[in-house]
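Visitor: Chains as they are written, first to last, in my numbering: chain A, 1 to 353; chain B, 1 to 353; chain C, 1 to 353; chain D, 1 to 353; chain E, 1 to 353.
Hint data in this document are derived by calculation from the structure and do not stem from the laboratory. Treat the numbers as computed from the prediction; the structure is a model and nothing was measured. Hints may contain errors.
BS3-like mimics (lysine-lysine), calculated; alpha carbons at most 30 angstroms apart, straight line [as the list claims (entries may be wrong)]:
1. D:350 x C:294
2. B:217 x A:100
3. A:100 x A:217
Heads up, incomplete: computed chain B residues facing chain A, CB under 10 angstroms, no partners named [claimed, not checked]:
4. 211
5. 298
6. 307
7. 323
Far from chain A, by Cβ distances over 12 angstroms, these chain B residues were calculated [as the list claims (entries may be wrong)]:
8. 91
9. 195
10. 210
Yeah, the Cβ is synthetic: ideal placement off N, Cα and C, and Gly gets one too.
Chain residues, written in single-letter form:
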Amino acid sequence: MVIPADMAELAERPPETPAPEGACHDAPTRLMVVRYDEKHYEELSVESVEQCLSLRDAPPVVWIDVDALRDAEAVAKLGEAYGLHPLVLEDILTTTQRPKLEDLGGSLFVVIKMLSYDRETHEIHHEQMSLVIGPTYVLSFQEVKGDAFAPIRERLKRAGARIRRMGADYLAYALIDLIVDGYFDVLEQVGERIEDLEDALVTNSTSETLHAIHHLKRQMIFFRRAAWPLREVIGALGRGESRMIHQETRVYLRDLLDHTFQIMDSVDTFRDMLSGMLDMYLSSLSNRMNEIMKVLTIIATLFIPLTFVTGLYGMNFRYMPELEWRYGYLFVWGIILLVFLAMLAYFRRKRWL
Amino acid sequence: MVIPADMAELAERPPETPAPEGACHDAPTRLMVVRYDEKHYEELSVESVEQCLSLRDAPPVVWIDVDALRDAEAVAKLGEAYGLHPLVLEDILTTTQRPKLEDLGGSLFVVIKMLSYDRETHEIHHEQMSLVIGPTYVLSFQEVKGDAFAPIRERLKRAGARIRRMGADYLAYALIDLIVDGYFDVLEQVGERIEDLEDALVTNSTSETLHAIHHLKRQMIFFRRAAWPLREVIGALGRGESRMIHQETRVYLRDLLDHTFQIMDSVDTFRDMLSGMLDMYLSSLSNRMNEIMKVLTIIATLFIPLTFVTGLYGMNFRYMPELEWRYGYLFVWGIILLVFLAMLAYFRRKRWL
Amino acid sequence: MVIPADMAELAERPPETPAPEGACHDAPTRLMVVRYDEKHYEELSVESVEQCLSLRDAPPVVWIDVDALRDAEAVAKLGEAYGLHPLVLEDILTTTQRPKLEDLGGSLFVVIKMLSYDRETHEIHHEQMSLVIGPTYVLSFQEVKGDAFAPIRERLKRAGARIRRMGADYLAYALIDLIVDGYFDVLEQVGERIEDLEDALVTNSTSETLHAIHHLKRQMIFFRRAAWPLREVIGALGRGESRMIHQETRVYLRDLLDHTFQIMDSVDTFRDMLSGMLDMYLSSLSNRMNEIMKVLTIIATLFIPLTFVTGLYGMNFRYMPELEWRYGYLFVWGIILLVFLAMLAYFRRKRWL
Amino acid sequence: MVIPADMAELAERPPETPAPEGACHDAPTRLMVVRYDEKHYEELSVESVEQCLSLRDAPPVVWIDVDALRDAEAVAKLGEAYGLHPLVLEDILTTTQRPKLEDLGGSLFVVIKMLSYDRETHEIHHEQMSLVIGPTYVLSFQEVKGDAFAPIRERLKRAGARIRRMGADYLAYALIDLIVDGYFDVLEQVGERIEDLEDALVTNSTSETLHAIHHLKRQMIFFRRAAWPLREVIGALGRGESRMIHQETRVYLRDLLDHTFQIMDSVDTFRDMLSGMLDMYLSSLSNRMNEIMKVLTIIATLFIPLTFVTGLYGMNFRYMPELEWRYGYLFVWGIILLVFLAMLAYFRRKRWL
Amino acid sequence: MVIPADMAELAERPPETPAPEGACHDAPTRLMVVRYDEKHYEELSVESVEQCLSLRDAPPVVWIDVDALRDAEAVAKLGEAYGLHPLVLEDILTTTQRPKLEDLGGSLFVVIKMLSYDRETHEIHHEQMSLVIGPTYVLSFQEVKGDAFAPIRERLKRAGARIRRMGADYLAYALIDLIVDGYFDVLEQVGERIEDLEDALVTNSTSETLHAIHHLKRQMIFFRRAAWPLREVIGALGRGESRMIHQETRVYLRDLLDHTFQIMDSVDTFRDMLSGMLDMYLSSLSNRMNEIMKVLTIIATLFIPLTFVTGLYGMNFRYMPELEWRYGYLFVWGIILLVFLAMLAYFRRKRWL
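The shape of chain A in the complex, shown without the other chains (with noise of 0.2 angstroms):
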């Protein structure tokens, strides 16, 4: 027995590989296997991974989905009984991967990342799923607890669907479909959140608006840091690199791929668009800023000097033949009003007013 050896040596590596959080068995980790051929389809939900593997011998296609990192052990006891390298398992259960794909020889493992958009806090949330693609079996590990693949097990009950006929690439490929359509629905999402701030942003943009740019724009780097890798995981599968995907299956995956180009496409593009936002409202707060000295500077320049001219008529000078002239009074309304006037024009000649 050297792999326990091997599990027990995880313990010696960095901090960096911690055990999933939430590893405290609240909920049982759920170990669900469906067994399928074009004719038959089986689905069970079992409790230990020892009857898990007592199933997966007979039919075609099996898949062993794994909801939930809860339960490390039972984890480490599937890989082993399908051969896979504690630096594999140890990639399973650190959910902080690179999306990647790596060719394990007689399998194939893949890390990608599950978004989900929350409209409440408008944050992107991400669940690591990990999968390993064998020729007639796929495991599918979840990070969080909650049916994620149900659409798939209904697409696969249905017989005669094109799903039951093929492999157990083309389930992986359903799976990784499933997963980037919902890259789709968060930037859908994003599109509309972006809409919202472009009409606050003309109607009236407030310091929170900016707060909400900034913090959709960092959304969008991680959404950015997800999707990246994408593009080499599903380009290399989809070229065949591994004799694991079948041509049929591949023209599917260049498909799919197209869709990653797609997202990387809509993702620049809110990129750009975001950046364009913020350096809008930057202007909008100079233009403001300009508005306000305006009408500042027009009113003090209107009433300025005219409070020099009352202040003048208003000293105890003995000797000011002004104030004892008969007219003295009506003599300063006229200069406030020519002051007045004068300034006006010359507001209306720089088009402030």
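Mind docking chains B, C, D and E on chain A? Use the hints.
Guide: Chains B, C, D and E in isolation, oriented as in the chain A frame:
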């Protein structure tokens, strides 16, 4: 009959694959069959796909043009008759594709965007054009109703025209060339719009000018997104990686490739120009703010000290010797003029006047 | 006669292929035929293409220079005589081409831009030069009237000059070299202009300085656009991919390639410098704004509290004890001086004075 | 004896090759020899190089760890004994090297930086680690005194550990892995610091926040400079270009390569975040300025016209009818309230209140 | 005699090929011939090229150093004797070359820039160094008078030095190494300058600090321009594409290549640091502006309403009840204090005080 099942399965597929908008049959999908060789030319507007297919055999070149993708079923039938993969049909019907070229084995599949500039809203609209290029046929699918390919039919009608002497590949070239020429039209109008905005920037820039620049910049993001993949598509066609494209046609495609380089050059130049305009707008804002502040500062700095002086002699102290002076008032005017002239000199030295 | 039909078809082609501007025959297209070998030199200015073609056979090297593209028909005839493809003729006549090199099989086709700097408007003008390089001939087409290639004819006249001993490829090199040398002239003048603007920036920058910097920056965008593809064109010529270029000439072309690298280096340096100048202009604006605001703040902060004090004792209350004091007025002056000095100390501590 | 002469020649070499700082022998260079195979483990702290060399022959793997590069002579002797080129010795002693991998023929030479985060100054310190990896030995040179490799010795002491079963290449991997793990620690602390600064940015950002962001940004420049070349180094080791690295170890190195990709991802994300924070700081400054100016403008615009009114009736003209009015004072209060309310309405319409 | 004719033709060549500045023979070009092998060393300062050439045959390695390119004729004669192409001679004499390596067949031609930092003007000066490396000789051409290569002669004089045992290629390496070491000196001084400017930025940044940062940034543009092509030059030498470079010397050249990578790293780091400093300068400007505006706003907001109050009771209405009150004056002081304290509370809540 395998393919209908596959078509049914399209329904299983992700939501980003909608039926094209306006698929409500309010205007029937028009099918136009054009058949020609060097001697003959025939143009038939048919109702049903079956009728259309019955016409396809005889002449050297057949061009089936589907105007407006309203009838997904008709597209499916046509695809079936020409042996197109369900994924290709899906790509034709999904009008958010990225421009691309796919070698389908016996034929080539090209997705390309037709662009047009709306002079009212200053927006660039795009329409997806899909072409299937076979040895003796071209299928063209237009997203939106509108006789975009009429000029090509005009050229085909003229006996002795080069396009009549050459094959389906040259017809496809002519269609793509027509679309790419539309890019130049759009660029020309964008160029005019930029000139208008530049004039506005110099004469009287408002915050609307800013919005217009931002809006145009965003339009260029979308334009670039449509134009960028063209280089690969046309480059690959021109390199003659497929034997579908004859040697004779390749020289025209390489010429077209030069056009796409010119387009990308123009797009990049326009982007640089728009960025420069934004910078200029911002610095003109700062300039104007300086201007406003200068006026305020000059007025305030001139009159605030003088108002202090008048305030001084407006005090009601019993014992203020100056008030009793014979020439006290003249003395104050002297001070006022002195301060005034000193300030003017100061501003002149600072080059504010 | 196939080609005339093709030429006719040029009319079918897209609008971005206009006849060159000023094609109104106000000055006739000049055709200059130069024939030389090591011993002989002959220079003939002819009227018609026919006359020109009758001269083309005898000597080792023939150079036909078409000055100003006003006579599309003459170009077409010449092209026909030398077996040029209609697309090449179109490229010659369309003066918005991107610089490029094309191998036509029996000859090479080079499009290149001649640049010149207008000292009045500070704009860079460009003229399209097209060269067709055959084994024993060079055809050159100048867009605009003007004897740009006179220096080459001068060198050719000198007996024993290297250019006389070498073939058509060296003549083509000499023509391109002459054009590229013009780039250095332009760069030199741009460099001088940058120095002028830098001086203006330091001494008295106005908004005109800003416009001039932006204008020059835009000129550099156009310059770069013309110069960038040169590297590929001259690089490909120098690598000797065509057997038209002899080993002996290649070393000169590689030297020319070094020149284009120097040009691109200079362009990038100028762009960086202009960007730095814009940054400096903007920060000098902010600096000046700070300066202005400081003056305003100092004056306002000094006098507004003092004006309050004078206002206080300008009130007309019946019972204000200070007004009756013997030294009330002196007391107020004391307050005024105190406030004044305190403010001055404060400003000095803030380093505003 | 050739090498001493070469070493002497090191003195001829440029000034950027200093003896490591603190070479003043205040603490002796510690030499630690570790010898192990699957069964045995031995750890000896020796004084002289000679003693050290006498121990090197017997067991399958020997690890000589030189802690602190204070004794250049000892390094030279060790290098001589292992046949290292003088330039390699120079690289070991020059602690400003860039991370790199060199194939020395019979051994591999790796330079790598160990990073640590100083919680006090928020600076990232780096220490140069040089490794020489031979078929059965590893030489490690630490720049600074400190038992950085203790965890590896702990793992080696445990019987049955994988590290005991594998060769010198795995030992080298373990050492590099330990160093790279330190990068994650640093990144974690940088991440915490970024969060602190973000909080500061939202609650009360001062110019110190700005300095801290700039400081952290600069630290990331240095981090990136240390981490960037790691990808090549570890990538080259993992590709197994040298037969020194066994197939079994390569899978671990490829895993380590994934870690470096994650590190670069994080660095880029942090840089983007810091840039975003700077932008936000600047726009919050502008926002606050607008806020300040608004207050000033509201107050000035409210009271300056009113002060003019009071100044008007503070004039001492003999004939001012209003002054004699019975309700003149009330009338003025009416004007004041009117102006006041009108201004408030104006500000409310402008959304300034 | 073919070459003189060619040299004559240099006159025909473009204006960017000037004779080096200061070609006025005010100090004669110094020719220094160094001849050495492992046993012998000879150093001769000669007057004429003829004398120089007579010395070139005997020993294994001859180094001819031309100090200051004042005598174009001497360079031409030397070039002729060593069979250099006229274009190479032109490159040597044109001191605006880009660093480059050319394989001349029997020899290598290297152009490289020697950099030095002027502590007075803080400018980076550069001098062009051209080397011709033959199997047994090195020709070096210095642009400016000054004994830059003296340290190499010192090393050559020492018997037993490695440089004496190795060939012309190692001598060339030593010369280039000397020049590249100068880059580190310059970088060190730039680093010090950056530290000085950073201190100035924190303590008292003036607009001169801004100018100095911009100036240094521009110097780095020029530095980068000189250093960037070095990587190709030294990389190509180190890859041993020419058999002129022996295996033994290549390891030194690869070490030198590492140095150039370090240089580029430093340049990029410095550029990033300078950009960060500019950002910081600008945000400190905004900060200071906020500071200034705050002072103005506080003072104006405190006193303008109070001045209004005093103005109110300075009016001369006949019927103003408050004026007659016994404690009217105290009442006003009450209002004043109230307003004052309310404003202070407001400012404190806004964190302006």
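Visitor: Against this structure, judge whether each hint is valid.
Guide: Hint by hint, here is what the structure shows:
Between residue 350 (chain D) and residue 294 (chain C) the CA atoms are separated by roughly 28 angstroms; this keeps the pair inside 30 angstroms, and the hint holds. Distance check on the hinted pair: residue 217 (chain B) and residue 100 (chain A) sit about 36 angstroms apart at the alpha-carbon level, beyond 30 angstroms; violated. Under the criterion of a C-alpha separation no larger than 30 angstroms, the hint pairing residue 100 (chain A) with residue 217 (chain A) is consistent with the structure, at around 25 angstroms. Among the interface hints, the one on residue 211 (chain B) holds; its C-beta lies about 8 angstroms from the nearest C-beta in chain A, closer than the 10 angstroms criterion.
Proximity of residue 298 (chain B) to chain A holds as hinted, the smallest CB-CB distance being about 9 angstroms (cut-off 10 angstroms). Interface hint at residue 307 (chain B): satisfied, since its Cβ lies 5 angstroms from the closest Cβ of chain A, which is below the 10 angstroms cut-off. Annotation: interface hint on residue 323 (chain B) holds; nearest CB of chain A at approximately 5 angstroms, less than 10 angstroms. Not every Cβ of chain A is farther than 12 angstroms from the Cβ of residue 91 (chain B); the closest lies at roughly 8 angstroms, contradicting the non-interface assignment.
With a least beta-carbon separation of about 21 angstroms from chain A, residue 195 (chain B) lies farther than 12 angstroms from that chain, consistent with its non-interface assignment. Not every C-beta of chain A lies more than 12 angstroms from that of residue 210 (chain B), the closest at about 6 angstroms, which undercuts listing it as non-interface.
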